[in-house]
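Work out the full structure, taking the sequences as your base and the hints as a guide.
For reference, the chains in residue letters:
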Amino acid sequence: MKLKKIWLAAVAASTVWGAAAVGSAQAAEQYLGLPSYRVGPYAAGGTGVFGGWIDYMKLINERDGGVNGVKLVWQECETEYNNARGVECYERLKQRGGQRNVLFAPVSTGITFGVFERVPQDKIPLLSIGIGRSDTADGSVFPWVFPMIATYWSQASAIVGYLGQREGGMDKLKGKKIAVLYLDFAPGKEPFPVLDRLAQKWGFTTEKIAVAMPGNEQQAQWLQIRQMRPDYVILLTYGVSNPTALKTAARTGFPADRIVGWWWAGAEEDVVPAGDAAKGFVAGAFNPAGTDFPVIQDIQKHVYAKGQGDMQDPKRVGSTYYNRGVGHGIIYVEALRLAQEKFGKGQPVDGEQMRWALENLRLDEKRLEAIGAKGLMPELALSCADHEGSGRVRFQQWDGEKWVSVSDWIEPDREVVRALVEESAAAYAKEKGITPRDCSKEQ
Amino acid sequence: MQFFLEVLIGGLLAGMLYALVALGFVLIFKASGVFNFAQGAMVFFAALTFVGLTERLPQWFGFSPEWAGLFWIALLLTAAIMVLFAWLVERFMLRKLVNQPAITLFMATIGLTYLIEGVAQGMWGAMVRGLDLGISDEPVMWLLERHNLMISKFDLVAAAVAGVLVAVLAFFFQYTKVGRALRAVADDHQAALSVGIPLQRIWVIVWAVAGFVAIVAGLVWGSRNGVQFALTFTALKALPVLILGGLTSVPGAIVGGLIIGASEKLAEVYLGPYVGGGIDSWFPYVLALVFLLIRPEGLFGEKHIDRV
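Taken in sequence, the protein lines are chains X and C.
Following this note's numbering, the numbering of the first sequence begins with 11 at its first residue and continues without gaps.
Following this note's numbering, the numbering of the second sequence begins with 1313 at its first residue and continues without gaps.
Quick caveat, the hints were computed from the structure, so don't treat them as lab data.
Some hints here could point you the wrong way.
Each computed EDC-like pair below joins lysine to aspartate or glutamate, with the alpha-carbon atoms no more than 16 Å apart [said to hold, decoys possible]:
no.	chain 1	residue 1	chain 2	residue 2
1	X	Lys133	X	Asp360
2	X	Lys325	C	Glu1367
3	X	Lys289	C	Glu1450
Restraint-style ranges between C-beta atoms, simulated for each label pair [stated by the list, open to error]:
no.	chain 1	residue 1	chain 2	residue 2	range
4	X	Arg447	C	Leu1445	56 to 64 Å
5	X	Pro130	C	Glu1614	56 to 64 Å
6	C	Gly1374	X	Gln85	37 to 45 Å
7	C	Ala1479	X	Gly185	51 to 59 Å
8	C	Ile1385	X	Lys311	32 to 40 Å
9	X	Arg377	C	Leu1456	52 to 60 Å
10	X	Gln322	C	Leu1400	21 to 29 Å
11	X	Asp74	C	Gly1374	35 to 43 Å
12	C	Lys1408	X	Ser415	56 to 64 Å
Ideal Cβ placement from N, Cα and C applies to all residues, glycine included.
Take a look at the structure:
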């Protein structure tokens, strides 16, 4: 009997405390659901990206007291980079107490595909930085999806642009032979339409070679490449298939500096296991690595110096994945700030207000400098029609110990990429019976 | 012809690496009748523990990370941890399942897989690590210069290691008392117990030996592709090898590995372009399936005869 009383008292106390917590949360907290992946095959990427994002939010809370006084709170859900679990996390994170999630960013093309028809119903914007699908850049057809900074199509175009720069002009690509080694999954194949059109435009040829998942054995593929004798290899692989590719390339005598990877091959985790075989390898990036950026130094000062950092290994602060996470955090916080300016300063915002803010987000050099992130990400300017906002990519080279920037921000071939985006989005709209928004009437 | 030879030899050497993983499966199946689904996870756990120790030991005891003895100390400690792991598996999993149907034991090892994966990343973190065993991964120069063949020194060393391991294990099973006891246990748990074979000790021994094989496989594969979660996927490469070579044959693992390695590479190069490429993940399974139809017990497996 006594035990029962204690139990009831505990339940009552926790209910009152919980209600108070929710009440105060509604007053001055902004909730975000984070579908992170900290275990499983891609945990190295997940811990970096979500760690950087969380650290940036901690910085905003610690240094600035939140966004106009609104404290940032978040809840993680482990997806293990698994599509089914990702969709489950989407549902689980939708609501916490009385607060609704205002943004969903799974950092996984598969999970993005899994939820992207749900988000308009739930009015939760889907942030898909650096992942598929590229045609969602057309905001008139996909108002709730934001493939910000650069899509796979822009990236593919920027890679060709970078190769053109290396050759001394785009016209010098004529007659060149480029092998495209891709991991046989949806993102690995997404760049093909752009590569095909650019090959036609500039007169180079491509030979596409598939690597089956997970890609931990590539001897046959690299022997084929060796026989083919291409001028360059474009590497569209992820996870273990990255160091495996670089090691096997070295084993078959293909020079690393002639291999150009996409951004999912351009983290420290992709090159360190390959050792010397990775020296000279070039990869794309929309968030370069480094700790020189003032925002990263602020995180070290205000978060790590107080022992509150999210990274188990603080040495990873400033790594490629980590800085990518900080970039996610900056976009989230800046959109939140903009939404508050429009809909009420010092108040939490909802999904629709967040969507408006993302669509009207402008991050110019001046603003990036004020945040301390100049060079950490390209300038952004989104609109109703353009949910990508930039499309620019820079390239960095692994010197054996760190990534060194070897290009400025490279513009994609907008004519080619935009035409593909509009064609594909229009086909999707037709298939699903969607009437595209008239962006000339949107504010 | 030179290209064909290059693909063939590369495939045979890769096959030896698959066999290295397959050996762990064979050992446990041979001695306990359990198909150990967790073998891939054990490879990951062993390699991650080794690398984790090489990082932490210098921090804990203040000696230089460059010290040559570090490798051996980490290796010994990893081996000790694998023995402890074997004891824990026997004490808390196998002991409760004596004489249960094979499918029950198999299901238990599936659960064990998830446990190991979680514990490994929990203990040592999710970071991808490089592992340098000091074996050069360059082509053998005289083969390159005389025959224009690119054969990796690393693959040759790894194949030699696998060969030595097979020889040692085959000797252990055929000519030692413990080996004979292991085979008796595999035949019938209860009959082995009735003639005085200490079942529990035998299981600890065999899981520990499979743990040592996992260390070797983990170090070789980890050195090749980095020590990361994907090491668990090496088990996927071993399964068709087992079907082909037979679940109970140590030399069968090697022969199966050679056939699978060579055929998947040749198929990828010569058939792949006609079907879109990337076929080396499923081609070995098709080959194994064909073998199953002709010889269900595999090339060297024991034929199972039930008397009625």
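Here is how each hint holds up against the structure:
1. X/Lys133 x X/Asp360: holds (9 Å)
2. X/Lys325 x C/Glu1367: OK: X/Lys325 and C/Glu1367 at ~14 Å, within 16 Å.
3. X/Lys289 x C/Glu1450: holds (15 Å)
4. X/Arg447 x C/Leu1445: 56 to 64 Å: holds (59 Å)
5. X/Pro130 x C/Glu1614: 56 to 64 Å: With a Cβ separation near 60 Å, X/Pro130 and C/Glu1614 satisfy 56 to 64 Å, so the hint holds.
6. C/Gly1374 x X/Gln85: 37 to 45 Å: About 41 Å separates the Cβ atoms of C/Gly1374 and X/Gln85, which means 37 to 45 Å holds.
7. C/Ala1479 x X/Gly185: 51 to 59 Å: holds (54 Å)
8. C/Ile1385 x X/Lys311: 32 to 40 Å: Since the Cβ atoms of C/Ile1385 and X/Lys311 sit about 38 Å apart, the hinted range of 32 to 40 Å holds.
9. X/Arg377 x C/Leu1456: 52 to 60 Å: With Cβ atoms ~55 Å apart, the hint holds.
10. X/Gln322 x C/Leu1400: 21 to 29 Å: Since the Cβ atoms of X/Gln322 and C/Leu1400 sit about 25 Å apart, the hinted range of 21 to 29 Å holds.
11. X/Asp74 x C/Gly1374: 35 to 43 Å: holds (41 Å)
12. C/Lys1408 x X/Ser415: 56 to 64 Å: holds (58 Å)
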